[in-house]
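Please build the complex by placing chain B on the supplied structure of chain A, with the hints as guidance.
As given, the protein sequences belong to chains A and B, one line each in that order.
The working numbering numbers the first residue of the first sequence as 1 and each following residue consecutively.
The working numbering numbers the first residue of the second sequence as 1 and each following residue consecutively.
Hints are computed from structural coordinates only; laboratory data are not their basis.
Mixed in with the good hints, there may be bad ones.
[Said to hold, decoys possible] Distance condition first, Cα-Cα at most 20 Å in a straight line; then the derived SDA-like pairs of lysine to any residue:
| hint | chain 1 | residue 1 | chain 2 | residue 2 |
| --- | --- | --- | --- | --- |
| 1 | A | Lys48 | A | Thr36 |
| 2 | B | Lys23 | A | Lys10 |
| 3 | B | Lys76 | A | Glu99 |
| 4 | B | Lys56 | A | Phe90 |
| 5 | B | Lys23 | A | Gln103 |
| 6 | B | Lys56 | A | Arg94 |
| 7 | B | Lys23 | A | Met105 |
| 8 | B | Lys56 | A | Gln103 |
| 9 | A | Lys10 | B | Ala95 |
| 10 | B | Lys83 | A | Met86 |
| 11 | B | Lys23 | A | Arg97 |
| 12 | B | Lys23 | A | Asp96 |
| 13 | B | Lys83 | A | Ser85 |
[Claimed, not checked] Part of the chain A face toward chain B, derived, beta carbon under 8 Å:
| hint | residue |
| --- | --- |
| 14 | Trp33 |
| 15 | Arg34 |
| 16 | Trp91 |
| 17 | Met105 |
[Claimed, not checked] Here chain A is said to cover these stretches of chain B; the calculated rule only asks that three of the stretch's residues, wherever they fall, bring their Cβ under 8 Å from a Cβ of chain A:
| hint | region |
| --- | --- |
| 18 | 41 to 54 |
| 19 | 71 to 80 |
The beta-carbon is built from N, C-alpha and C at its ideal position, and this holds for glycine as well.
Below, each chain spelled out in residue letters.
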Amino acid sequence: MTAATNALFKTLSDPTRRSLFERLCREGEQTVWRLTRHARISQPAVSKHLAALKSAGLVRDRRDGRETHYRAEPQALVPLIDWMSMYSAFWRDRFDRLESLLQRMDQ
Amino acid sequence: MSEPVPATRSIVVERTMPHPPAKVWRALTQSSLIAEWLMPNDFEARLGATFTFRAKPMGNWNGIVHCEVTTFDPPKRLVYTWKGGTVQNAAYGSALDSVVEWTLTPVAGGTRVRMEHSGFGPHNDSAYSTMSGGWPTVLERLETVASESA
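Pulled out of the complex, with its shape left as it was, chain A reads as follows (with noise of 0.2 Å):
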């Protein structure tokens, strides 16, 4: 669990990677090809990107003939997401607490 919330935290750690992965939330599945137009980089080095995403679990990929097809996967998120939510939680309900603890003091 706490290996794969660093992985996803240094996968997403590189800026290229982000907006790869970032591509494929906004825009759907995509070839390898197609997310290379846009990257500015070659397409074996958008390939090891690629790879890097899903070995963190972040895109799925599909063969279809001769090209690979990535999607995201943004549910691989949910860890990082649950660390925060869960102190927003514990103190939201301190806030009530503090609220009825306050009700019973004297001035």
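Only chain B this time, still in chain A's reference frame:
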């Protein structure tokens, strides 16, 4: 442009409470009162005091949150560091080197209570120091995407 900015995020909770600042301040700074709404603790109401909160243990983490009072300005501002957890835990009990900041502002009929818990980020990750400034924004956008597709 290459200057790294802190790749951390904050939780902010803000609420107006129908009580005077001095009373809210007491609830934030008296150990026995803090224990009633936040967690068991050995808080000391002075600048530089080190204290602990005792949370539920998880995995390799004993549940102790280590803190130090870094701002003590009654009845307006209280800041303490909040360190605990272990890298072995993913969500609850994961490693955290953070800061909790309380700001009390008198308003008509009570006090505006603002809490900011900042410093959430992949602290123990070597990639952390090399992350670019776009990271927090990107993560926020990704959160939206993820919740929409959930």
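(request) Take a quick look at whether Lys23 (chain B) and Lys10 (chain A) sit within 20 Å of each other, Cα to Cα. (result) 45 Å, violated
(message) Please check whether Arg34 (chain A) passes as an interface residue: C-beta within 8 Å of a C-beta belonging to chain B.
(response) 20 Å, violated
(request) Assess, step by step, whether the Cα of Lys48 (chain A) is no farther than 20 Å from the Cα of Thr36 (chain A), and give holds or violated. (result) Measuring from Cα to Cα gives roughly 11 Å; hence the hint holds.
(message) Holds or violated: Lys23 (chain B) and Gln103 (chain A), Cα atoms, limit 20 Å.
(response) The given pair, whose Cα atoms are some 10 Å apart, holds under the 20 Å limit.
(request) Mind checking the alpha carbons of Lys23 (chain B) and Met105 (chain A) for me, to see if they're no more than 20 Å apart? (result) 8 Å, holds
(request) Could you grab the alpha-carbon distance between Lys56 (chain B) and Gln103 (chain A) and see if it respects the 20 Å cut-off? (result) 27 Å, violated
(message) Please verify whether Lys83 (chain B) and Met86 (chain A) have alpha carbons no more than 20 Å apart.
(response) Judged against 20 Å, a Cα distance of about 16 Å means the pair holds.
(request) Hold the hint about Trp91 (chain A) up to the distance rule: shortest CB distance to chain B must be less than 8 Å. (result) Cβ of Trp91 (chain A) sits 5 Å from chain B, so the hint holds.
(message) Let's test the interface hint: is any C-beta of chain B closer than 8 Å to that of Met105 (chain A)?
(response) 6 Å, holds
(request) Compare the distance between the alpha carbons of Lys10 (chain A) and Ala95 (chain B) with 20 Å, and conclude whether the hinted pair is satisfied. (result) 16 Å, holds
(message) For Lys76 (chain B) and Glu99 (chain A), compute the direct alpha-carbon distance and say whether it is at most 20 Å.
(response) Roughly 18 Å between the alpha carbons, so the hint for Lys76 (chain B) and Glu99 (chain A) holds.
(message) Quick check: do three or more residues in the region 71 to 80 of chain B have a beta carbon closer than 8 Å to a beta carbon of chain A?
(response) violated (count 0)
The structure shown violates the earlier hints numbered 2, 8, 14, 15, 18, 19.
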